[in-house]
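Enquirer: One letter stands for each residue in the lines below.
There are 6 protein chains.
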Amino acid sequence: MNQRLLVVSAHAADWVWRCSGTIAKYKKLGAEVWVICLSHGERGESGEVWKQPNQTTETVKATRLKESEAASSYLGVDHFEMWDYPDHPLVASQELLDRLNEKMREFKPTLIITHDWHDDTNADHCVASEATFTAFGMSRHKGVPSQCSDTTEIVQIYGFEPSQTERSGYVPQVYMDITDVWETKQEAMALIKAQPKTCIIHSRVNTHRGWQAGRMPGGKGIQYAESYTVRYPIILKDKLF
Amino acid sequence: MNQRLLVVSAHAADWVWRCSGTIAKYKKLGAEVWVICLSHGERGESGEVWKQPNQTTETVKATRLKESEAASSYLGVDHFEMWDYPDHPLVASQELLDRLNEKMREFKPTLIITHDWHDDTNADHCVASEATFTAFGMSRHKGVPSQCSDTTEIVQIYGFEPSQTERSGYVPQVYMDITDVWETKQEAMALIKAQPKTCIIHSRVNTHRGWQAGRMPGGKGIQYAESYTVRYPIILKDKLF
Amino acid sequence: MNQRLLVVSAHAADWVWRCSGTIAKYKKLGAEVWVICLSHGERGESGEVWKQPNQTTETVKATRLKESEAASSYLGVDHFEMWDYPDHPLVASQELLDRLNEKMREFKPTLIITHDWHDDTNADHCVASEATFTAFGMSRHKGVPSQCSDTTEIVQIYGFEPSQTERSGYVPQVYMDITDVWETKQEAMALIKAQPKTCIIHSRVNTHRGWQAGRMPGGKGIQYAESYTVRYPIILKDKLF
Amino acid sequence: MNQRLLVVSAHAADWVWRCSGTIAKYKKLGAEVWVICLSHGERGESGEVWKQPNQTTETVKATRLKESEAASSYLGVDHFEMWDYPDHPLVASQELLDRLNEKMREFKPTLIITHDWHDDTNADHCVASEATFTAFGMSRHKGVPSQCSDTTEIVQIYGFEPSQTERSGYVPQVYMDITDVWETKQEAMALIKAQPKTCIIHSRVNTHRGWQAGRMPGGKGIQYAESYTVRYPIILKDKLF
Amino acid sequence: MNQRLLVVSAHAADWVWRCSGTIAKYKKLGAEVWVICLSHGERGESGEVWKQPNQTTETVKATRLKESEAASSYLGVDHFEMWDYPDHPLVASQELLDRLNEKMREFKPTLIITHDWHDDTNADHCVASEATFTAFGMSRHKGVPSQCSDTTEIVQIYGFEPSQTERSGYVPQVYMDITDVWETKQEAMALIKAQPKTCIIHSRVNTHRGWQAGRMPGGKGIQYAESYTVRYPIILKDKLF
Amino acid sequence: MNQRLLVVSAHAADWVWRCSGTIAKYKKLGAEVWVICLSHGERGESGEVWKQPNQTTETVKATRLKESEAASSYLGVDHFEMWDYPDHPLVASQELLDRLNEKMREFKPTLIITHDWHDDTNADHCVASEATFTAFGMSRHKGVPSQCSDTTEIVQIYGFEPSQTERSGYVPQVYMDITDVWETKQEAMALIKAQPKTCIIHSRVNTHRGWQAGRMPGGKGIQYAESYTVRYPIILKDKLF
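These protein sequences, in sequence, are chains A, B, C, D, E and F.
With the first letter of the first sequence counted as 1, position 92 gets the number 92 in our numbering; the numbers rise by one all the way through.
Count along the second sequence from 1, add 241, and you get the number used in our numbering.
Count along the third sequence from 1, add 482, and you get the number used in our numbering.
Count along the fourth sequence from 1, add 723, and you get the number used in our numbering.
Count along the fifth sequence from 1, add 964, and you get the number used in our numbering.
Count along the sixth sequence from 1, add 1205, and you get the number used in our numbering.
Do not rely on the hints blindly, as some may be mistaken.
DSS-like cross-link-like pairs, simulated, lysine-lysine; straight-line CA separation at most 25 Å [claimed, not checked]:
hint : chain 1 : residue 1 : chain 2 : residue 2
1    : C       : K719      : F       : K1232
2    : C       : K590      : F       : K1233
3    : C       : K702      : C       : K543
4    : B       : K292      : C       : K590
5    : D       : K751      : B       : K383
6    : C       : K702      : E       : K1184
7    : C       : K624      : B       : K438
8    : A       : K142      : F       : K1256
9    : F       : K1444     : C       : K510
10   : D       : K831      : C       : K533
11   : E       : K1067     : D       : K943
12   : C       : K675      : E       : K991
13   : E       : K1157     : E       : K991
14   : D       : K831      : A       : K193
15   : A       : K220      : D       : K943
16   : C       : K721      : F       : K1233
17   : B       : K478      : D       : K920
18   : B       : K461      : F       : K1233
19   : D       : K831      : E       : K1184
20   : B       : K292      : C       : K624
21   : D       : K831      : A       : K220
22   : F       : K1442     : C       : K719
23   : D       : K960      : C       : K679
Estimated spans, in silico, between C-beta atoms of each pair [claimed, not checked]:
hint : chain 1 : residue 1 : chain 2 : residue 2 : range
24   : E       : V1055     : A       : G169      : 43 to 49 Å
25   : D       : E804      : B       : Q293      : 42 to 48 Å
26   : C       : L511      : B       : T298      : 52 to 58 Å
Please keep in mind that the hints were generated in silico from the structure rather than gathered at the bench.
Glycine included, every Cβ here is placed at the ideal spot set by N, Cα and C.
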């Protein structure tokens, strides 16, 4: 399989909860996977770490980085980067956009996964989603300044789930069956000890999505699923699915 | 290919303008295709025929039927039925729903194409869409009265385009490449002489959709396309597309 | 002015509260105006009348009819019809649609005013709106059975305000200045004694719409306005407005 | 507590899955609770029963009725009625509306719970919701024919969750904490043996809603919750909440 | 009553027109109320002041400040701050967000009122709403830099009305009865002489909301009301309302 | 005709494709027309130019400028300005807003045309639309700093079409008949050689809009049309249209 999957995550572990089943699936298929975390989430997602004694921003960031790298290694991610922008609020500066532009031209992804562009309760997630979309647009145009003269092809951008789906106007358009990699995802989530309850929540979400998928066309037998929106329409050349 | 495609059309030729490219594609792939027209459209879609001298409801219906059957034969549709309900307004009576239920249990479609469920300027199209959805629900349940004890599996229901897409809230979710069957579709449309300008309009629509698809992920080289919405989410077992 | 305005009202006095300013304006301009009330509103809109002693459905209907006719005469409406369908719920039977179809072919309106097609708290209003739209579609097609062989031209259909605008998703698209006929509207409203508070409410609504209109492009000097939605897009041949 | 809660359910057990926690809470508070099931759901919700040998419509209905009555008794529901309309499709006939109108005038509910008015995958649920709303409107007007001369006061109508929330456009507006009656709800659900997996699904839904509620203003400590929409705005006389 | 109400207003007097009835109510109940104005509104809301001779930005700001402080004193607001950012456009700089974050940690509000997050005709209002929401998120997280080590609890954020409600997509979710403090609100509004007509407009709006509320569940007797949206869902522990 | 039309375009040629028919119409009527391009579009819209040998940002910009000026001259535009901000992403800096504010006060437009405020696939278009709206608000207020003491009157702001209308939520509200200036528009489009295919696409779009307009009220005979949204409601003083 000649696929290159790029994942852009607002904070250190969003990607683990929300798309590591799909990552596991793609690694099994032989794809190359890159993960970029725009921030450590040391402010907004690290409440449990801050409860421990003698924490500073630096120690919290170190903890978050170590755990995300561990999950990344466990999943076989080929390339993991922590960009260390502050979170809450995450700001999509021109410099951040330029850096994403360069990285996309370098990697030339065949598909991209990031946050859905709506999240009613976490604005950082929206910022990450829009930055990914904007930078991807930049990477496709010859005239945009870059150290890399190559441009990228247009590829699909998938949006993973926010926490408050209904209030955020998130409507799952695509369900990815992750039944065969469910244990792998569970192991990866367990490595993120900074957010001990989040593993339980996303296990429940994936179980619920699996139940929904199992009743939908072509879904027989699915037990666990991750759901996504798609930024572009779906183009089919051979037949409907 | 072991596919069975069911098409439900409100009037005699909606299906020709809006999905005959996909039908041609499926016939090429060896699928079995059934087309059901709920009405002749003798009231609302036959203005040009009524302009000819000495027309009655019966002569107009005869003209519409003959031309739709001709298109159907040309495309190699395996089974064509004209149900002859009045149009403008089309009414989804219990009898109509029961009949669709029976037909679906008999045919056991692997995919269904009908009108999108919103059409701001033609309520018959909405009625046909909802009737198809309701009858499909009936066909899936053992307890619903039927002469056929079998039930159907859940399959995807595609909605084809209304005329005023933006005002109807229609958002194309799936584009089907029909470049390789474009001439076939043109021939089929040309057989519907009752609506002489409609062929030009849908050629333009399919060209525009082809242009849009050609710029989207995976769309390189597409010249002509039909677009659809999907009634259910898309379930993927292997990989994202 | 060679205009023919058709107003279709769910109950006896909806049209007075919601568009009689526009009617007054059109009468001043020399237009012909027809008003059709689908019901007396004897059930849902006549609470105050029922509070009087010894009321029956027949006495309530007589009261409502007398007052609506008085407003109609005062405004110079050319033709007023009370169709006497039951309300709450109002049902758009085939017979009602056929009757509207005939009336439209007879009158050949150059514009139509009825309820907006959304009303979150009064389903009769939605039914009246949809029936008007459906019957108008019927009146435009030669093939639809009718005693009148003529068909109608396509004309704009305006939707007047529901009571709970925001919850009904009503967004005013067009404001009609009724400042110069404001006293006429007030007099007409005062004739509907069956709903004594409603005059106050709609005076407030028209004042608020006047204030909004006065701050919008081209609205300087407006004090009172009625607002509408439009069912079709607006077509301009000379210049933007 | 002087509350009278009316629950209207499309099928035999919708109300158990979706609001029996709230019912348990209200019974604990001393309220009077009436439950009306419009149908047995013998067609669309009874697949597991039909799998057993020698089933007929009558035997399936008997099973569904027995189990719903058992849950009703267990929860202390004061009055339970099975109206035995056919399902899939459920039709809101004038007779059904009249009957609901009578029942509402008789009971004079202080709050009503039924299906949310949108359900993308089960049209019967929408029909039940709209019928409840329409009949409630009828019950409030003196002029609507009834054997009961009393009318009802306007009360809030809550809508419980559909299965595919996001696709149905369902946005939870109110979360009811059911932590203290959770075991009661579990017992009630376990009595519906006709739908053995549904108990698991709704336990998951209520757990997820409990988790969401626990992170929202005023939600500390909540473990299980049922969510609702509200048909009318919320009116507060003392203070915001 | 142990409530602390924080109000964040884009300009000098938005808060007076749109929520001073609720403030009066809370003061009557013994709550502590803080009001923060992000700008004087010297550019976009002070047209009448500019019409007076010899005005400069400084004199206009002095006028706006004096009048807002007068209204604040009249209402018994405990703490009033004018932050003096430029308006039209108001910009939510990192410095503004940090300052709001500090103020929230200091005050620890039990509820927050600001602009609804949509306003089709005044972008400053949207900016104020989003800044309040973002800063509140910052105030809840230990890791966000602050001179105050305390964090805040999650509390409800209410959004008050824009001027063009329907075009802004504003749907009132909560109506607060202000009948008993109506005279107080009228006095407070009269103190804002810089916007002489605005008092009339909001008296009309509050009267209209009062009329709507009076017909809704639990609203009997209400004459005047302020309406709000809620940013988070409503969590109920005891019973539905 | 005493009209002054201001057009604000994100890139060098957006205005040619999307509203030059309306410009031609207004020039025919004797209006004064100003066009401002915020950027050359040298990055995102100039792919074909970059394919030619030895291109630099400066040579691409020179090409784009020359062709836009040619179209502008051909159409008789009175005043054309290229502001030379970078595109992809276009950023609405305070300086850009101030400059637009000054220009609007100088020109005092009687109508404004810019991009619709939604464009799902080109964020620069949204930025240009919002900047125009914000700057127009600034130009209307005496207190906003400006070298020009005059302010502007409120005038309508029209939004022209994005490329992916349905996905962008674009709903055409107004169709402008450009049949009588169609050849002029074709000539103008042909002058933009940097985007050779775009002329074909917009010819198709204008033909499709013409066909839609021709079937709408008042549209008989229209062959080509440009469609728009309106930012403000439409105010009518004489009669409905």
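Enquirer: Can the restraint linking K719 (chain C) and K1232 (chain F) be considered satisfied, given a maximum Cα separation of 25 Å?
Expert: 15 Å, holds
Enquirer: Keeping to a limit of 25 Å between CA atoms, is the pair of K478 (chain B) and K920 (chain D) held or broken?
Expert: 23 Å, holds
Enquirer: Holds or violated: K292 (chain B) and K590 (chain C), Cα atoms, limit 25 Å.
Expert: This hinted pair holds, its Cα atoms lying about 20 Å apart.
Enquirer: Keeping to a limit of 25 Å between CA atoms, is the pair of K220 (chain A) and K943 (chain D) held or broken?
Expert: 38 Å, violated
Enquirer: With the threshold set at 25 Å, check whether the alpha-carbon distance from K751 (chain D) to K383 (chain B) stays at or below it.
Expert: Judged against 25 Å, a Cα distance of about 39 Å means the pair is violated.
Enquirer: Is the straight-line distance between the alpha-carbon of K1067 (chain E) and that of K943 (chain D) 25 Å or less?
Expert: With Cα atoms ~24 Å apart, K1067 (chain E) and K943 (chain D) stay inside 25 Å; holds.
Enquirer: Below or equal to 25 Å on CA atoms is what counts here, so check K1444 (chain F) against K510 (chain C).
Expert: With Cα atoms ~11 Å apart, K1444 (chain F) and K510 (chain C) stay inside 25 Å; holds.
Enquirer: Is it true that the CA of K831 (chain D) sits at most 25 Å from the CA of K533 (chain C)?
Expert: Satisfied, since the Cα-Cα distance of roughly 20 Å is no more than 25 Å.
Enquirer: Given a hint of 43 to 49 Å, does the C-beta separation of V1055 (chain E) and G169 (chain A) actually sit inside it?
Expert: Violated, since V1055 (chain E) and G169 (chain A) (Cβ atoms, about 27 Å apart) do not stay within the stated range.
Enquirer: K675 (chain C) and K991 (chain E): Cα distance at most 25 Å?
Expert: Since the Cα atoms of K675 (chain C) and K991 (chain E) sit roughly 42 Å apart, the hinted pair is violated (cutoff 25 Å).
Enquirer: Does the structure keep K831 (chain D) and K193 (chain A) at a Cα separation of 25 Å or less?
Expert: Roughly 54 Å between the alpha carbons, so the hint for K831 (chain D) and K193 (chain A) is violated.
Enquirer: Taken at face value, is the distance from the CA of K991 (chain E) to the CA of K1157 (chain E) at most 25 Å?
Expert: Distance ~23 Å between K1157 (chain E) and K991 (chain E) Cα, so the pair holds.
The structure is inconsistent with the numbered hints 2, 3, 5, 6, 12, 14, 15, 18, 21, 24, 25, 26, although it conforms to all the rest.
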